[in-house]
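Undergrad: Here the structure of chain A is known, so what remains is to put chains B and C in place on it, guided by the hints.
Just so you know, the sequences run in chain order A, B and C.
For what it's worth, this note's numbering labels the leading residue of the first sequence as 32, then goes sequentially.
For what it's worth, this note's numbering labels the leading residue of the second sequence as 17, then goes sequentially.
For what it's worth, this note's numbering labels the leading residue of the third sequence as 72, then goes sequentially.
Keep in mind the hints are simulated off the structure, nothing from the lab.
All the given hints hold, so there is nothing to weed out.
One side only, chain A facing chain B, incomplete, derived with CB under 10 Å:
1) 309
2) 367
3) 368
4) 370
5) 374
6) 376
7) 386
Stretch-level coverage of chain C by chain A, calculated; a stretch enters the list once three of its residues show a Cβ under 8 Å from a Cβ in chain A:
8) 98-104
9) 117-131
Don't be surprised by glycine CBs; every beta carbon is placed ideally from N, CA and C.
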Amino acid sequence: MTARPPIESAAFGACPVPASRYDVVVLGHGSGGRLSRDLFESVFSPLLGADRALALEDQATLPFPAEGRLAVTTDAFVVHPLEFPGGDVGSLAVHGTVNDLAVGGARPLYLTASFILEEGLPLSTLARIVASMKRAADAVPVRVVAGDTKVVDRGKGDGLFVTTTGVGFVPANVALSATLARPGDAVVVSGTLGDHGIAILAARKGIELDTRLESDSQPLFALCQEVLRASRNVRCLRDPTRGGLSSALNEIAAASSVGVRLFEEKLPLRAEVRGACELLGFDPLYVANEGKVVAVVPREDAEAVVLAMRRTPAGTDAAVVGEIVEGHPGVVTLRSVVGGERVVALLAGEQLPRIC
Amino acid sequence: MKYLDEYRNGDAAKRLADAIAREASRHHVVMEICGGQTHSIVRYGLDEMLPETVELVHGPGCPVCVTPLEAIDRAHAIARRDDVVFCSFGDMLRVPGSETDLLRLKSEGADVRIVYSPLDALRVAQENPAREVVFFAIGFETTAPPNAMAVSLAARRGIRNFSVLVSHVLVPPAIDAILSAPDNRVRGFLGPGHVCTVTGLSEYEPLASGHRTPIVVSGFEPVDLLEGVLRVVRQLERGQGTVENQYGRSVRPAGNEAAQALVTDVFEVRDQKWRGIGAIPRSGLGLREKYTAQDAERKFDVGALRTNEPAECISGEILRGVKKPWDCAAFGKRCTPERPLGATMVSSEGACAAYFAYGRTEKRRRLPLAEAPA
Amino acid sequence: MCLAVPGRLVEVSMDGDVRMGKVSFGGVSRGVCLECVPAAVPGDYVLVHVGFALSVIDEAEANRVFAMLAELDPGALEEATS
Numbered sequence: 032m033t034a035r036p037p038i039e040s041a042a043f044g045a046c047p048v049p050a051s052r053y054d055v056v057v058l059g060h061g062s063g064g065r066l067s068r069d070l071f072e073s074v075f076s077p078l079l080g081a082d083r084a085l086a087l088e089d090q091a092t093l094p095f096p097a098e099g100r101l102a103v104t105t106d107a108f109v110v111h112p113l114e115f116p117g118g119d120v121g122s123l124a125v126h127g128t129v130n131d132l133a134v135g136g137a138r139p140l141y142l143t144a145s146f147i148l149e150e151g152l153p154l155s156t157l158a159r160i161v162a163s164m165k166r167a168a169d170a171v172p173v174r175v176v177a178g179d180t181k182v183v184d185r186g187k188g189d190g191l192f193v194t195t196t197g198v199g200f201v202p203a204n205v206a207l208s209a210t211l212a213r214p215g216d217a218v219v220v221s222g223t224l225g226d227h228g229i230a231i232l233a234a235r236k237g238i239e240l241d242t243r244l245e246s247d248s249q250p251l252f253a254l255c256q257e258v259l260r261a262s263r264n265v266r267c268l269r270d271p272t273r274g275g276l277s278s279a280l281n282e283i284a285a286a287s288s289v290g291v292r293l294f295e296e297k298l299p300l301r302a303e304v305r306g307a308c309e310l311l312g313f314d315p316l317y318v319a320n321e322g323k324v325v326a327v328v329p330r331e332d333a334e335a336v337v338l339a340m341r342r343t344p345a346g347t348d349a350a351v352v353g354e355i356v357e358g359h360p361g362v363v364t365l366r367s368v369v370g371g372e373r374v375v376a377l378l379a380g381e382q383l384p385r386i387c
Numbered sequence: 017m018k019y020l021d022e023y024r025n026g027d028a029a030k031r032l033a034d035a036i037a038r039e040a041s042r043h044h045v046v047m048e049i050c051g052g053q054t055h056s057i058v059r060y061g062l063d064e065m066l067p068e069t070v071e072l073v074h075g076p077g078c079p080v081c082v083t084p085l086e087a088i089d090r091a092h093a094i095a096r097r098d099d100v101v102f103c104s105f106g107d108m109l110r111v112p113g114s115e116t117d118l119l120r121l122k123s124e125g126a127d128v129r130i131v132y133s134p135l136d137a138l139r140v141a142q143e144n145p146a147r148e149v150v151f152f153a154i155g156f157e158t159t160a161p162p163n164a165m166a167v168s169l170a171a172r173r174g175i176r177n178f179s180v181l182v183s184h185v186l187v188p189p190a191i192d193a194i195l196s197a198p199d200n201r202v203r204g205f206l207g208p209g210h211v212c213t214v215t216g217l218s219e220y221e222p223l224a225s226g227h228r229t230p231i232v233v234s235g236f237e238p239v240d241l242l243e244g245v246l247r248v249v250r251q252l253e254r255g256q257g258t259v260e261n262q263y264g265r266s267v268r269p270a271g272n273e274a275a276q277a278l279v280t281d282v283f284e285v286r287d288q289k290w291r292g293i294g295a296i297p298r299s300g301l302g303l304r305e306k307y308t309a310q311d312a313e314r315k316f317d318v319g320a321l322r323t324n325e326p327a328e329c330i331s332g333e334i335l336r337g338v339k340k341p342w343d344c345a346a347f348g349k350r351c352t353p354e355r356p357l358g359a360t361m362v363s364s365e366g367a368c369a370a371y372f373a374y375g376r377t378e379k380r381r382r383l384p385l386a387e388a389p390a
Numbered sequence: 072m073c074l075a076v077p078g079r080l081v082e083v084s085m086d087g088d089v090r091m092g093k094v095s096f097g098g099v100s101r102g103v104c105l106e107c108v109p110a111a112v113p114g115d116y117v118l119v120h121v122g123f124a125l126s127v128i129d130e131a132e133a134n135r136v137f138a139m140l141a142e143l144d145p146g147a148l149e150e151a152t153s
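Just chain A, with the same shape it has in the complex:
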């Protein structure tokens, strides 16, 4: 954060000073007056692109297809640092929201984005992040149609928080659910595990690992569509974010009352993620991802699904990693490279680096 700009003696909330006077967020940017308007024009308006006229209303009124169902999701993004190898909180927000829709079989249509800005956040940082969001949204494509900005006192906000809502359209013939997994089904992942979590951790003070590893944050709509074309009976899709693959599979195991068995030698892992996990004592099954899909599909469709994933840029390392079993319902297990089997329990809290 840069030093405080000169204090204005005007009454709070009535700042007459133009935005260009400041290079950081100040409380006045949140008070709904000219500073707020200037901030919107210079930083946020480009995000809405052609939809900027919608922002002049209090709500966006939009068309929606007649057939099919509405998918809605909401999410908050609080990553630190704000900008990390492979992305930033803005692109993360777009990808995360779009992916929550995509794994429901939905085509993403609209996004909203709310920004909580901490006083002192450099405007150049904010502009970079918003531009990154625009690029991310255009790449899907998805329209950002509404948003909001608030400013909090220095010390109350970790730079920038982004909250989103995503709206999508699910065609009538698509019905995915975590309750549909059946014994015999295959568990497929779209690529290497743990990239995001390790990329973020490596940058953190006190850890400081030197690596070229980047977050895998990316939109997965195209990949999900390929999967749904490759198999008519996909049971469910999930994007394993916090808590890693373990959390996603534990949810499915519980929802469907089935067991899940993973095979350690089949888990796709980058050498960097393996190395970092060994060094810190982490289990990659618990490390966050931001650009991966886990799919539960009928066994006979598994090969076709893997091939379909591998045809997309997001799925080059797709692989079958496990199976749904009848035994131990609600429990996920891992058969180790050595042959023994152990339970993969839901993580209690955050994984912490250990010396032991």
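TA: Leaving out everything else, chains B and C in the frame of chain A:
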């Protein structure tokens, strides 16, 4: 990864397990000392690969588990102070003291920071000259040289705002205490491979010969641990009790002399209390007088500490291999990794935490082994 | 206790009077203190615990265990695979 993957080879592990099954003609109780070895055994299901004749029990080699409650409470009292930046290894964050833990203190505003290395804590001190930086220096003999280095550098470089809260424990006295206890069932040990990388093997010879107990110093990967068990079983079958070195790729008989010199300069042996076990004479390390300026215990007066350990906890018996986690009435119910009652549940290396995490809720619960899909 | 991981020493430098090295673990690297392994040179594999190298991995010893495995009863392997 080189020097890791080869020792996780399933075929090699199976052959070793088969050899153990062939050669163990009667019941043997073997203890692995090190928490990291416990973790590996449970994670890879190695004890379930062993025949019924060989029983593995888990030892007190988890420094997080055995750090005495007084030290934890003192750490919390120091971390609470406004003028202190409290640095710690990640393992210690969730360890409950009599009232709270470091993670909770952090959420209440204490400046608590996780570091991977003691040198990171020293750097925090250099970067924050106006604050007092305290590092929680815990561990066995393996961590003593790194912790010693931080102290020595602080003194050499005149970094006055850095101090350490020491709680170091030593393995050989613990082995002696275990073997000397009247209810001891342990007949052979897998010795601590990384501790011995620093200390060498000499302190283990009198233990082996004095108690007629084989000690095979072993590594941490499946092949290391199974070879270690095989060699212990072979000695037990022949009635032998000597020290062997399975982990020769890292352990030299004399250990690491440069590391030992670092430790001798900074620390001296003292009596030490072990959480769950009690006091063991000359089983800990304290700072030498010349490093008083780096001693957080002297620097910060936290007043009288009243410690309060839950009565239900049977950690002591678990740490000595006398009981297993499922023998405890509170295991998995009133005592879980999220709300640990005592030593062996507090760290992921503790036997109770490892058993809980890997689903060992009852005796030898076997999950059917399966072939990988084609 | 004692999570320690083998890594390859890539380069050596001095931080004041302290010998430091960059060690690679499968693609991630970290600064490691080499004061306890004065004989270590780039190319060596070292065992690292909390940012300190505590030993240089002995290649010959590392291979020993596999030679031992070959001596284990070969008949057992046949039984197991029949």
